[in-house]
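One letter stands for each residue in the lines below.
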Amino acid sequence: MTAQLRFRDLALGYERHPAVHHLDGVVEAGDLLAVCGPNGAGKSTLMKGISGALRPLYGSIDRAGLDSRDIAYLPQSAEIDRSFPISVYDMVAMGLWRRAGLFGGIGKADRTRIAEAIAAVGLEGFEARTIGTLSGGQMQRTLFARLLLQDARLILLDEPFTALDAKTVTDLLDLVRRWHGEKRTVLAVLHDFDLVREHFPHTLLLARSAVAWGPTAEVLAPENLLKARRMGEAWDESAEVCEHAA
Amino acid sequence: MTLYDLLVAPFAEFEFMRRALVGVFALSLGAGPVGVFLMLRRMSLTGDAMAHAILPGAAIGFLVSGLDLFAMTIGGLAAGVLVAVGAGVVARATEIKEDASMAAFYLVSLASGVMIVSMKGSNVDLLHVLFGTVLGLDDPTLILVAGIGTVSLVTLAFIWRPLVLECVDPSFLASVSKSGGVSHIGFLALVVLNLVGGFHALGTLLSVGLMMLPAAMARFWVRDLTRLVVVATGIAFVSGVAGLLISYHAGAPSGPAIILVAGAGYAVSVIFGPAGGVLSRQLPRRHLEA
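Those sequence lines, one after another, are chains A and B.
The first sequence begins at 618 in my numbering and counts up one residue at a time.
The second sequence begins at 23 in my numbering and counts up one residue at a time.
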């Protein structure tokens with residue numbers, strides 16, 4: 618196995634306050650990893666850091682040579698302007714940005730791929746609808762279709778199944794498993810432990826630093842969960858400078 | 023009076039009407055699409071503010087070399103860019119929000135512009151700067167306006183994808199491309215350019231009208247982006263032609279006539295527009311099966 622991601626004494630945060638603190642570890646290429654932890658544990662911050670949208674305060678992330686464009690990142694609350702008059706088809710087609718760029722044409726093969734992606738998320742017939750008319754689940758399906766087209770080696774999903782019904786979650790999970798089958802590395806922030814136990818071989822339990830990291834059944838043991846809850850939120854205005862690493 | 027007398031004769035008989043026709047056509051080509059994006063980015067009032075901001079620059083140009091196309095254009099461009107950048111800097115560097123800093127900048131610009139023109143020129147000059155002279159477009163001005171229309175269309179073609187994506191999903195754009203900042207600046211430059219173009223025909227106060235009114239109107243008729251752009255451009259041109267004809271037959275000032283035609287169209291759209299107009303919401307129509 619080769620490492621896709623390697624964290625070395627990683628600290629990520631805002632205004633010098635770390636939300637992720639002293640994280641060390643390796644995500645193997647092709648891993649399907651759930652990232653769990655209480656609110657404020659730094660899960661979303663970690664995703665932002667891996668995607669490159671946030672620079673480490675300290676330490677480093679080694680992405681094994683992946684370009685930021687090889688990383689597909691679905692943020693928790695995407696700042697999408699749902700009132701913008703863009704069709705589902707065009708929204709999904711944006712996933713081809715890497716190939717098409719600013720001016721590249723969308724050829725016949727691309728159209729086939731777009732149609733396949735839309736079919737894979739079960740949105741046939743919705744192509745011409747503007748995104749403002751979609752339900753929450755349909756919007757998430759649209760974003761997953763776009764992820765499909767991005768064809769990325771590393772896929773980051775931040776709470777992808779929050780506020781979705783069981784059917785939508787099942788359909789979208791199929792896609793996640795398909796990516797896993799294609800040996801892509803997938804990291805997903807999740808709160809539903811049952812779902813994690815059933816579908817995710819590995820779990821990182823995060824509470825600013827790693828509480829436990831390994832096979833899901835071991836990580837999600839009651840004592841770890843209790844420990845994670847205790848280590849939860851910590852933003853102290855008058856926090857001292859961290860001497861741990863120095 | 024025949025239909026020919028009403029619609030065609032004014033343009034057939036008078037060269038200044040033909041020039042005005044070409045002028046409003048060229049203006050519509052740039053102002054229509056730019057206005058649609060201003061509206062979709064919720065920057066309608068920014069456009070308004072920047073239109074006012076152009077005034078002192080044009081006025082200084084006027085001060086230096088009279089009613090000279092080149093000087094007033096350069097002055098207007100410089101002032102537009104200065105205010106756009108200045109308001110942005112103030113908003114980022116201080117506690118004040120961008121809309122408030124825009125308002126501060128444009129009020130000061132408007133007042134200083136009127137002050138400068140009044141000190142040097144006559145009331146006629148002031149009217150010219152404030153409300154333009156669409157019936158007095160000479161060759162260089164027409165070429166300038168047409169050039170701005172061309173540059174606008176070509177630039178929009180270049181920045182279309184990032185511009186759209188930056189409106190819809192800016193964080194996604196940032197994750198796949200670095201073109202977001204460039205397209206934003208390019209777009210602001212287009213706004214200033216088109217306002218300066220519009221300024222020669224419609225004056226600083228009304229130039230933004232041919233941008234925002236057609237865009238806002240189009241929103242009541244179509245929902246799709248491409249159609250919005252096409253419809254807004256068409257509306258801008260039709261308003262321009264109708265305004266010219268009304269001003270010709272009624273002896274009314276042409277700039278305000280053009281904007282008032284667009285305004286009337288807007289009122290009609292608000293009431294009758296099928297895409298979210300008043301009537302379409304109030305009509306007691308039965309709901310559909312699915």
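These are calculated hints, taken from the structure and not from any lab test.
Hints are not guaranteed to be accurate.
Stated by the list, open to error - With a straight-line cut-off of 20 Å between C-alpha atoms, the simulated SDA-like cross-links for lysine to any residue are:
| hint | chain 1 | residue 1 | chain 2 | residue 2 |
| --- | --- | --- | --- | --- |
| 1 | B | Lys200 | A | Arg716 |
| 2 | B | Lys200 | A | Leu713 |
| 3 | B | Lys119 | B | Ser134 |
| 4 | B | Lys200 | A | Lys844 |
| 5 | B | Lys200 | A | Asp684 |
| 6 | B | Lys200 | A | Glu835 |
| 7 | B | Lys200 | A | Glu645 |
Unchecked claim - Here are some chain A residues the structure puts well away from chain B; computed CB gaps all over 12 Å:
| hint | residue |
| --- | --- |
| 8 | His634 |
| 9 | Gly676 |
| 10 | Ala689 |
| 11 | Glu696 |
| 12 | Asp707 |
| 13 | Gly712 |
| 14 | Ala717 |
| 15 | Gly739 |
| 16 | Ile748 |
| 17 | Leu773 |
| 18 | Leu792 |
| 19 | His808 |
| 20 | Ala834 |
Glycine residues also receive a C-beta, built at the ideal position from the N, C-alpha and C atoms.
Quick rundown of the hints versus the structure:
no.	hint	verdict
1	B/Lys200 / A/Arg716	holds, 15 Å
2	B/Lys200 / A/Leu713	holds, 15 Å
3	B/Lys119 / B/Ser134	violated, 23 Å
4	B/Lys200 / A/Lys844	violated, 41 Å
5	B/Lys200 / A/Asp684	holds, 13 Å
6	B/Lys200 / A/Glu835	violated, 42 Å
7	B/Lys200 / A/Glu645	violated, 29 Å
8	His634	holds, 22 Å
9	Gly676	holds, 22 Å
10	Ala689	violated, 8 Å
11	Glu696	violated, 6 Å
12	Asp707	violated, 8 Å
13	Gly712	violated, 9 Å
14	Ala717	violated, 8 Å
15	Gly739	holds, 16 Å
16	Ile748	violated, 8 Å
17	Leu773	violated, 10 Å
18	Leu792	holds, 18 Å
19	His808	holds, 22 Å
20	Ala834	holds, 33 Å
Checked against the numbered hints listed earlier, the structure breaks hints 3, 4, 6, 7, 10, 11, 12, 13, 14, 16, 17; every other hint is satisfied.
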